[in-house]
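Asker: Protein chains in written order, with this note's numbering: chain A, 1 to 406; chain B, 1 to 504.
No wet-lab data here; the hints were simulated from the structure.
The C-beta atom is built at its ideal place from N, Cα and C for all residues, glycine as well.
A couple of the hints might just be wrong.
[Unchecked claim] SDA-like cross-link-like pairs, simulated, lysine to any residue; straight-line CA separation at most 25 angstroms:
(1) A/LYS335 <-> B/SER392
(2) A/LYS335 <-> B/ILE181
(3) A/LYS335 <-> B/SER349
(4) A/LYS385 <-> B/GLY13
(5) A/LYS335 <-> B/HIS367
(6) B/LYS326 <-> A/VAL285
(7) B/LYS306 <-> A/ILE172
(8) B/LYS198 <-> B/GLY402
(9) B/LYS326 <-> A/LEU286
(10) B/LYS377 <-> A/ALA268
(11) B/LYS306 <-> A/TYR176
(12) B/LYS200 <-> B/ILE181
(13) B/LYS306 <-> A/ALA282
(14) B/LYS326 <-> A/ALA282
(15) A/LYS385 <-> B/ILE181
(16) A/LYS385 <-> B/SER398
(17) B/LYS306 <-> A/LYS385
(18) B/LYS394 <-> A/VAL337
(19) B/LYS326 <-> A/ILE172
(20) A/LYS385 <-> B/ASP395
(21) B/LYS106 <-> B/GLY72
(22) B/LYS394 <-> A/ALA268
(23) A/LYS385 <-> A/ILE15
(24) B/LYS306 <-> A/GLY178
(25) A/LYS335 <-> B/ARG360
(26) B/LYS377 <-> A/TRP252
(27) B/LYS326 <-> A/GLY178
[As the list claims (entries may be wrong)] Example chain B residues on the side facing chain A (calculated, C-beta under 7 angstroms, incomplete):
(28) MET304
(29) ARG341
(30) ASP342
(31) ASN357
(32) PRO359
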Amino acid sequence: MWMSLTSQNPVIVTILALILGFVVGAFIIIFTTASILDAFRGFFSSWSAPGHAFKITFDNVGAAYRDMFTGSVIDPAGFWHSLTTGKGWDNTLTPISETLTYATPLVIVSTAVGISFQTGLFNIGGNGQAVLGGIAGAVVGSMIKLPMVIHLPVTLIAGILGGALAGALPGILKAYTGAHEVIVTIMENYVIYAFLLYVVLSTPYQQPGQSNDIGRSIHSSAQLPPIFGDSSGLRVSYGIFIAAGVVVFAWWFLERSSLGFDFRVTGASPTAAKASGISPRAVVVLVFLISGGLAGLAGIVQVASTTHYVDGTFLIGDAGIGFTAITVALLGRNKPVGILWASLLFGALGVGGRAMQAATGIPFDLATVIQSVVVLFVATPVLVKEIFRLRAGKTQALQLGTQGWG
Amino acid sequence: MRLELRGITKRFGSLTANDDISITVEPGQIHSLLGENGAGKSTLMNVLFGLLHPDEGEIVIDGVVTKFANSGEAVRRGIGMVHQHFMLVPVFSVTENVVLGFEPTKSMNRIDYKKATEDIRRVSKEFNLEVDPDAIVENLSVGIQQRVEILKALSHDAELLILDEPTAVLTPQEIDALMAIMRSLAASGKSILFITHKLKEVRAIADVITVIRLGKVVGTAEPTASESELASMMVGREVELAVQKDAYAPGETVFEIRDLVVRDERGLAVVDGVSLDVHAGEILALAGVQGNGQTELVEAIAGMRKVESGTITMNGRDITNESPRKILDAGLGHIPEDRQRDGLVMTMSVADNLVLNTPRRAPFASHGTRNLGAVMKHAEQLVKDFDIRTRSVKDPVSSLSGGNQQKVIVARELSRNIDFLVASQPTRGLDVGSIEYVHRQIVIHRNRGNGSLVVSSELDEVYALGDRIAVMYAGKISGIVDPSTSREDIGLMMAGTTAGALRD
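Between the sequences and the hints, there should be enough to build the whole structure, so can you do that?
Answerer: Pasting the structure below:
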């Protein structure tokens, strides 16, 4: 079986990269944990010292990763307890619920970014587009009153339109003036952050009676409720079905639709696309409309399911969801299903990292390091191949699907 | 130098690129290595030049077994290589290019340009290689640039010169000049390994011909062997060199270009007032040395480049400056010059590439959703009809050989009900078997009564296909002549003499 592994298989490379990520993480734990270092300092002090040092190492690393797992997926002991007694399900399911809650908007915005990458365009503006989508949706969700069957869809559509509007600008600039989309989208992010602050601090949308940068909460008719009800305490909402729908749509769009075919041809060879009659301008504008619209949907899903309002730091914490999405799309090889798995992984590492920090004191940043190392190895299959001595195959570097910065 | 390759074997994984190849090049001999693309010629030369290491076999120079760790050692042992794609720095002078990497220096490590220039003058005089040492390379014609490459090899005291497909980029006159140079080099005792797949040239110049096929030496031949004998040795079966065409019976004009002006990126009028007519049931062959505006002309026809002035009419419909999609839908078939750049999406499957410019047409899609079943069925059919060699229609087109890649384009264009075909360098870089095949398909299209414009810098191709021959030089048509016109005259027209001036 081992012989059949080659570095060409992206799934295998990703799994091995994940293993390497945890190995590197283990070394970081070793080098930053005082008790382990102390144990190694006395390595030659007695016959039992080496054994003791290794035991301390395994205890610490093991505890960290165990807490990361039980904090993000499930605690086996709690699971067994719930299974046999029927009690405590809410507590048992909290970790996985948190992971899904974290992953929901990430899946959507990463798919948005992935579609642009597959078309050879670098949409770095996913964050700004998500923020503008969140603002647009939050305004519609909080400032008008409608029955839920109308209000919720209208709110979501407002979010999509907000994001599409933010996407249209770099798309049109690129198509008609040749302005580079990377520069435009990066700068647009800042414009939108400034606009966000303006909106949450000015009268129409600012929460009445507040002087802080907080907007109005959306009405319950515009919210995506928790699947298990408010009383369960599990935050996972119906938003996960929207995320699942986006993955299915994106798969259909890229693999089965005619327009998606145009997009992929343009991404793989702009020259052949032009020669075979695809209008580069139309593709650029459409990609940014679709990518921006999906990013906007991610923003409003976050509002409708989790935050219920936007404030001055909406989606900007933790480097910003739109930037994490770039890494996630890379890890998922810009393919919708890959992105789904990558988002779940990032969600689990993010949520598990916090649980680990709470339980062991090892900083949350370890999770970020693991995420980064995994992406680094996925992007350089040659390294993985060398480390695991995979059978030589034509190594194909991760295809970014973009034409660089030209 | 007497060079002997003994039992050279080179494997790449399961592929044996060179299988027990033995050849001997005597001093002063022009030894021609004839073989199709992928036969293993380049691998063998890279082994000889120290770029690859043989798995078995040895290189023997003047009776001494030699091993090269790298190409630098090969150069020091007197082997010079002129690559198909020149390795020159365009903005440097001839002198600077020749001494690059081996600069003669004065004190303080300064380059001794005076000595370098003198050396070049001496060498170029000795071998009749006229080159101005102070000229900037990018201002020189391709033929002269090639001389610079040869000079470069000679100035490193090469005793054996490897010329890799040296005539691919030359006009007939330049080819004659190159052959004269090769003869004088051989006369002065240099050995020459001449790699090519062009039969005429081999017969014209080689002392000995070694034919290789699929990595093996299949035999040696005398230059007196006929072209069809050589071709069948090379391909391994009988090859029809001349395509059978039905009698020439031109119909009405189906394609018309009037006073066309097209500018390139620098704003130069690279197509400068071209007018052409093509009739039904006719192939108009457009000859000319690469870079005289043919590329831009074809791009303008296909809608990929803006037309400054003039008109292009197809079947009575003005298609000037229409979008590529409209022009393709109006019935233009286009075999682009650079197949990997414009004709194919290399990472996509054979099946997807076969519907690249008709993805929305029934039955390949309906209501914006692709019908992959129909795409696959279509692909299976074309793979069968056009004899495209691929393991599966789902394989990326990059996994196919050059000839089969071109077949994908030919199949796609000729199977979608086109009225008029524009084919640009349709057989460039293809082997004899594939050339024969592509030519036959173009002729079948013509025999059905359709018009075609075939742009080619290969005179053989121009003669094989053209019912009439137009020659392009410096953006203008220097004449439209009958295929009975001699090669010499067409060569002169390719260098700018007009057809009118020739008759005088």
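Asker: The structure should be examined with respect to each hint, and the outcome stated for every one.
Answerer: How the hints compare with the structure:
no.	hint	in the structure
1	A/LYS335 <-> B/SER392	holds (23 angstroms)
2	A/LYS335 <-> B/ILE181	violated (57 angstroms)
3	A/LYS335 <-> B/SER349	holds (17 angstroms)
4	A/LYS385 <-> B/GLY13	holds (17 angstroms)
5	A/LYS335 <-> B/HIS367	holds (23 angstroms)
6	B/LYS326 <-> A/VAL285	holds (20 angstroms)
7	B/LYS306 <-> A/ILE172	holds (22 angstroms)
8	B/LYS198 <-> B/GLY402	holds (17 angstroms)
9	B/LYS326 <-> A/LEU286	holds (20 angstroms)
10	B/LYS377 <-> A/ALA268	holds (24 angstroms)
11	B/LYS306 <-> A/TYR176	holds (16 angstroms)
12	B/LYS200 <-> B/ILE181	holds (17 angstroms)
13	B/LYS306 <-> A/ALA282	holds (18 angstroms)
14	B/LYS326 <-> A/ALA282	holds (15 angstroms)
15	A/LYS385 <-> B/ILE181	violated (50 angstroms)
16	A/LYS385 <-> B/SER398	holds (23 angstroms)
17	B/LYS306 <-> A/LYS385	violated (48 angstroms)
18	B/LYS394 <-> A/VAL337	holds (20 angstroms)
19	B/LYS326 <-> A/ILE172	holds (23 angstroms)
20	A/LYS385 <-> B/ASP395	holds (24 angstroms)
21	B/LYS106 <-> B/GLY72	holds (23 angstroms)
22	B/LYS394 <-> A/ALA268	holds (16 angstroms)
23	A/LYS385 <-> A/ILE15	holds (12 angstroms)
24	B/LYS306 <-> A/GLY178	holds (17 angstroms)
25	A/LYS335 <-> B/ARG360	holds (23 angstroms)
26	B/LYS377 <-> A/TRP252	holds (21 angstroms)
27	B/LYS326 <-> A/GLY178	holds (24 angstroms)
28	MET304	holds (6 angstroms)
29	ARG341	holds (5 angstroms)
30	ASP342	holds (4 angstroms)
31	ASN357	holds (4 angstroms)
32	PRO359	holds (5 angstroms)
Checked against the numbered hints given earlier, this structure breaks hints 2, 15 and 17; the rest are met.
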